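Residue numbers 3 to 117, in our numbering, belong to the letters of the sequence shown in order.
Hint data in this document are derived by calculation from the structure and do not stem from the laboratory. Wrong hints could be hidden among the right ones.
[Stated by the list, open to error] The calculated label-pair distances, taken between Cβ atoms and stated as ranges, are:
| no. | residue 1 | residue 2 | range |
| --- | --- | --- | --- |
| 1 | V13 | D69 | 19 to 27 Å |
| 2 | K78 | Q102 | 40 to 48 Å |
| 3 | I113 | D64 | 17 to 25 Å |
| 4 | E96 | E117 | 45 to 53 Å |
| 5 | Y75 | Y10 | 40 to 48 Å |
| 6 | G11 | Y75 | 41 to 49 Å |
| 7 | Q82 | I115 | 28 to 36 Å |
| 8 | Y76 | V13 | 13 to 21 Å |
| 9 | F98 | Y75 | 48 to 56 Å |
| 10 | Y10 | L109 | 34 to 42 Å |
| 11 | G7 | E32 | 49 to 57 Å |
[Unchecked claim] Once the Cα atoms are required to be at most 27 Å apart in a straight line, the calculated DSSO-like pairs of lysine-lysine come out as:
| no. | residue 1 | residue 2 |
| --- | --- | --- |
| 12 | K5 | K78 |
| 13 | K6 | K92 |
| 14 | K78 | K92 |
This structure is a prediction, so every number in the text was calculated from the model and none was measured. All C-beta atoms, glycine included, are put in the ideal place defined by N, C-alpha and C.
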Amino acid sequence: MLKKGLEYGTVYIFDEVIKLITKVAITEIEGVESSSSLIKGNFFKTLKGNYRSINVNCESCDSVCVDVTVGIYYGKNIPQVIKELQEAIKNHIEIFTGFQVEEINVLVNEIIIEE
């Protein structure tokens, strides 16, 4: 859980919120799918709390580390897609929470071939 003192109190942000923000960022990048949403019809279930492919580490109170497991569509340039994904996740988390992102580790565990 992230914790930040503000002028009139403290804000706490649960890891699940960071995971949801990350999931939304993943959906905005063409050519990549979160591994837990690769099962057809699982996307909305994933937004409700199935975040097996996303891990959040908040060892520091003012920054966050995210580990994401994804599949990349066949024919896409993996390093380019991952760079776009990392930038999107970083921007989303920092804009929505005000916390700094220390690192985003991406594991590509499958290639997706469209039928």
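Here is what the structure says about each hint:
no.: 1; hint: V13 - D69: 19 to 27 Å; in the structure: holds (24 Å)
no.: 2; hint: K78 - Q102: 40 to 48 Å; in the structure: violated (29 Å)
no.: 3; hint: I113 - D64: 17 to 25 Å; in the structure: violated (37 Å)
no.: 4; hint: E96 - E117: 45 to 53 Å; in the structure: violated (37 Å)
no.: 5; hint: Y75 - Y10: 40 to 48 Å; in the structure: holds (46 Å)
no.: 6; hint: G11 - Y75: 41 to 49 Å; in the structure: holds (45 Å)
no.: 7; hint: Q82 - I115: 28 to 36 Å; in the structure: violated (19 Å)
no.: 8; hint: Y76 - V13: 13 to 21 Å; in the structure: violated (42 Å)
no.: 9; hint: F98 - Y75: 48 to 56 Å; in the structure: violated (27 Å)
no.: 10; hint: Y10 - L109: 34 to 42 Å; in the structure: holds (40 Å)
no.: 11; hint: G7 - E32: 49 to 57 Å; in the structure: violated (39 Å)
no.: 12; hint: K5 - K78; in the structure: violated (38 Å)
no.: 13; hint: K6 - K92; in the structure: holds (18 Å)
no.: 14; hint: K78 - K92; in the structure: holds (21 Å)
Violation of the numbered hints given earlier is confined to hints 2, 3, 4, 7, 8, 9, 11 and 12; the remaining hints are satisfied by the structure.
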